[in-house]
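Novice: The primary structure of each chain is shown beneath.
2 protein chains.
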Amino acid sequence: MADLELMRELSLESEARIVMLVMDGLGGMPRQPGGPTELEFARTPNLDRLAAQSMLGLSIPIGNGITPGSGPGHMALFGYDPVKYLIGRGVLEALGIGFVLTPDDLAARGNFCTVDAELRITDRRAGRIPTDKCRQLVQKLRAIRLPGVEIFVEPVQDYRFALIFRGPGLSGRLNETDPQRTGVPPLPVAAQADDAKASAELANRWIGAAREILTAEQPANMVTLRGWAKEPGLPKFNAVYKLKALSLAVYPMYKGLTTLVGMDVLQGLRHLEDQLAALAANWKSYDFFFVHYKYTDSRGEDGDFEAKAAEIEKVDAILPRILELKPEVLIVTGDHSTPAAWKAHSWHPVPTLLHAPGRGRLNAVQGFGESECLKGALGQFPAVDLMPMALAYAGRMAKFGA
Amino acid sequence: MADLELMRELSLESEARIVMLVMDGLGGMPRQPGGPTELEFARTPNLDRLAAQSMLGLSIPIGNGITPGSGPGHMALFGYDPVKYLIGRGVLEALGIGFVLTPDDLAARGNFCTVDAELRITDRRAGRIPTDKCRQLVQKLRAIRLPGVEIFVEPVQDYRFALIFRGPGLSGRLNETDPQRTGVPPLPVAAQADDAKASAELANRWIGAAREILTAEQPANMVTLRGWAKEPGLPKFNAVYKLKALSLAVYPMYKGLTTLVGMDVLQGLRHLEDQLAALAANWKSYDFFFVHYKYTDSRGEDGDFEAKAAEIEKVDAILPRILELKPEVLIVTGDHSTPAAWKAHSWHPVPTLLHAPGRGRLNAVQGFGESECLKGALGQFPAVDLMPMALAYAGRMAKFGA
Chain Z
1 MADLELMREL SLESEARIVM LVMDGLGGMP RQPGGPTELE FARTPNLDRL AAQSMLGLSI
61 PIGNGITPGS GPGHMALFGY DPVKYLIGRG VLEALGIGFV LTPDDLAARG NFCTVDAELR
121 ITDRRAGRIP TDKCRQLVQK LRAIRLPGVE IFVEPVQDYR FALIFRGPGL SGRLNETDPQ
181 RTGVPPLPVA AQADDAKASA ELANRWIGAA REILTAEQPA NMVTLRGWAK EPGLPKFNAV
241 YKLKALSLAV YPMYKGLTTL VGMDVLQGLR HLEDQLAALA ANWKSYDFFF VHYKYTDSRG
301 EDGDFEAKAA EIEKVDAILP RILELKPEVL IVTGDHSTPA AWKAHSWHPV PTLLHAPGRG
361 RLNAVQGFGE SECLKGALGQ FPAVDLMPMA LAYAGRMAKF GA
Chain D
1 MADLELMREL SLESEARIVM LVMDGLGGMP RQPGGPTELE FARTPNLDRL AAQSMLGLSI
61 PIGNGITPGS GPGHMALFGY DPVKYLIGRG VLEALGIGFV LTPDDLAARG NFCTVDAELR
121 ITDRRAGRIP TDKCRQLVQK LRAIRLPGVE IFVEPVQDYR FALIFRGPGL SGRLNETDPQ
181 RTGVPPLPVA AQADDAKASA ELANRWIGAA REILTAEQPA NMVTLRGWAK EPGLPKFNAV
241 YKLKALSLAV YPMYKGLTTL VGMDVLQGLR HLEDQLAALA ANWKSYDFFF VHYKYTDSRG
301 EDGDFEAKAA EIEKVDAILP RILELKPEVL IVTGDHSTPA AWKAHSWHPV PTLLHAPGRG
361 RLNAVQGFGE SECLKGALGQ FPAVDLMPMA LAYAGRMAKF GA
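Note that the protein sequences, when read in sequence, are chains Z and D.
The numbering of the first sequence is this note's numbering, which starts it at 1 and goes up by one.
The numbering of the second sequence is this note's numbering, which starts it at 1 and goes up by one.
Hints were generated in silico from the structure; no laboratory data involved.
Just so you know, not all the hints are guaranteed correct.
The list treats identical chains as interchangeable, and a pair is accepted whether it falls inside one copy or across any two copies.
Unchecked claim - In silico BS3-like pairs for lysine-lysine, Cα to Cα no more than 27 Å straight-line:
#, residue 1, residue 2
1, Lys-242, Lys-230
2, Lys-140, Lys-284
3, Lys-343, Lys-236
4, Lys-314, Lys-343
5, Lys-294, Lys-197
6, Lys-399, Lys-326
Let's have the full structure, built from the sequences with the hints guiding it.
Specialist: In structure tokens, the structure reads:
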């Protein structure tokens with residue numbers, strides 16, 4: 001398994017272009033033993049034709065048996081060891097609402113909650129206040145000022161908001177204030193390391209001020225804060241891979257994750273059609289393109305096998321338009337499996353296709369699906385190996401050693 | 001590959017039960033090229049039927065090309081990186097005779113040897129004295145007392161015995177006294193680290209006392225000591241995996257190894273029949289069961305292909321009784337290969353079956369054997385990944401990251 005330092009050393013400048021097309025939660029399960037998975041059930045003539053001219057395999061996102069969240073799943077696809085480069089929950093929450101984090105930022109997930117006169121929590125979610133109410137309260141909390149930091153409070157959904165402190169020397173090594181039960185007061189923020197003491201003090205002052213502002217509100221008269229995390233300061237795609245990378249994603253979370261690894265993020269995309277048009281329009285300006293399709297995962301989470309298959313068919317339909325651009329390497333994969341049968345992410349290896357015209361050892365396969373991928377030329381491989389392979393098949397990697 | 005810290009973080013409490021059925025040295029080799037292996041030659045209707053409803057694969061115990069001893073082979077099956085969590089030879093020797101080690105114990109393998117008047121070794125094995133003689137001499141050596149430690153001397157076989165010091169602050173960083181050749185005296189015990197100096201002095205005093213006791217004996221008038229090792233203080237199954245684990249093994253070595261990882265060990269089992277009865281009797285009290293069958297390895301070591309196949313058939317015959325208990329996950333595997341053709345352990349990947357009703361992607365296979373496992377859904381995988389997969393398929397693992 002190549003690490004980023006090795007990639008930094010071996011990657012080469014080139015004109016060759018790579019497209020990574022990610023169908024979120026692509027991997028699936030049969031509805032009954034021996035039946036087809038969602039991908040195998042879907043009518044995918046373009047993917048099937050391409051499979052015979054490509055290398056197939058199954059990528060293991062984190063490790064056998066480990067079910068990835070969206071953050072770690074994508075980190076692995078981008079070649080970043082997801083156990084080493086863990087993205088904290090506060091950062092993911094901020095990314096999920098499109099907040100652009102800087103390296104000076106410390107982010108937390110906030111909950112509005114209800115407390116009694118003795119400050120004991122009576123409802124950890126403040127009666128699940130509506131998002132509109134959340135926006136009003138957030139607006140009030142924006143009045144809080146603290147020395148040495150800029151403060152952002154952003155509504156998320158219902159009783160949830162994001163809190164971001166921006167300033168030098170902040171640390172995310174802070175404990176959570178949510179006691180995870182009612183009848184007790186929120187915990188104070190405590191530093192888990194000496195260099196986090198100043199951040200803990202800031203956080204407690206902010207919470208004190210928030211309590212004063214909210215005191216007369218009902219039911220959302222207090223807050224809890226969780227998932228403290230610094231912007232992780234990841235190595236960037238251009239430095240590690242010598243790639244000028246463009247992110248074509250619709251959902252804020254994926255725009256945020258690709259920002260963290262140094263991709264340029266195109267804003268305002270709403271549909272696959274927008275993404276395809278943007279891909280063509282920017283073809284000459286970039287050499288790596290991340291195209292993210294969310295709805296395969298969404299329908300898997302819904303437990304709707306046929307709807308998930310239908311989403312895969314939509315992506316199949318646009319495949320010729322990507323191929324027309326003649327990328328040196330086209331990867332079709334997912335960040336994890338989301339079997340409709342489970343209505344949840346799973347650890348199962350993810351069907352992966354690597355198309356590199358004229359460069360691959362092909363495999364005798366009948367189409368693109370979990371069972372055929374098991375016979376593929378790439379075997380079962382760690383997802384972090386996908387970027388090294390992509391660069392290699394694009395002719396963008398030097399020899400290691402003399 | 002998941003490490004134990006990650007498992008500690010992700011594992012969940014649950015009612016789901018896991019059975020790991022280990023046929024020691026299961027993997028084999030054909031007698032002639034293209035022929036069946038022992039497992040493929042054996043008539044195993046139950047395993048073959050189960051294979052079609054399970055996921056197959058080949059587990060790599062330590063690494064490609066690395067032949068495991070019994071200790072490392074089992075550590076890998078239990079999810080402990082066997083290179084990181086090495087069990088010293090002195091500890092294995094003590095475990096092999098059923099000696100229950102505590103964290104305060106320092107163990108060594110002892111040999112009786114013969115020395116001349118100048119203390120030069122003339123026979124490193126003392127003429128391979130019979131075990132009865134070994135017992136008599138060990139009885140004499142038990143008279144030795146040293147300050148601050150309790151001392152155990154236990155006969156093993158022929159000229160071999162085990163020596164255990166029990167006390168605070170002992171260290172295994174000591175060199176061996178066997179010079180590995182004759183004509184020279186045994187080496188003194190020297191500390192390989194500062195914190196081992198006291199242990200080295202103790203060891204040398206014990207050897208001096210042993211020499212005085214043995215001086216008039218013939219031919220076993222001296223000892224050498226090797227494989228110094230502390231009880232390794234491994235993380236325990238309940239802490240790492242949140243599993244209450246029961247070990248159903250007949251041989252002392254495997255009882256000892258499972259003690260080290262925190263399993264409860266049922267004593268007094270003598271046959272597969274006992275093990276099966278104990279499995280059923282304890283079904284409600286535990287959620288992980290290790291069932292160890294030694295004789296596949298023994299017949300492989302003997303070089304008896306058909307006898308090894310016959311042992312596999314005995315295990316096949318009891319398989320329905322395990323399935324009747326309806327474990328959420330049943331794993332059938334080995335700790336390494338012991339091809340009869342080689343009369344020895346080998347590094348070849350080990351046929352593995354993971355049965356998790358309703359949870360797996362199945363594979364189109366004809367039965368349970370090395371060639372079919374090569375087509376299996378699990379691929380070839382590190383043996384340490386087996387526990388994460390077992391927990392995942394049992395629904396005992398949380399998602400990693402958001």
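Novice: Could you run down the list of hints and mark each one as holding or not?
Specialist: Hints and how they fare:
{"no.": "1", "hint": "Lys-242 to Lys-230", "result": "within (26 Å within a copy, 31 Å between copies)"}
{"no.": "2", "hint": "Lys-140 to Lys-284", "result": "neither (46 Å within a copy, 56 Å between copies)"}
{"no.": "3", "hint": "Lys-343 to Lys-236", "result": "neither (34 Å within a copy, 33 Å between copies)"}
{"no.": "4", "hint": "Lys-314 to Lys-343", "result": "within (21 Å within a copy, 41 Å between copies)"}
{"no.": "5", "hint": "Lys-294 to Lys-197", "result": "neither (40 Å within a copy, 57 Å between copies)"}
{"no.": "6", "hint": "Lys-399 to Lys-326", "result": "within (25 Å within a copy, 37 Å between copies)"}
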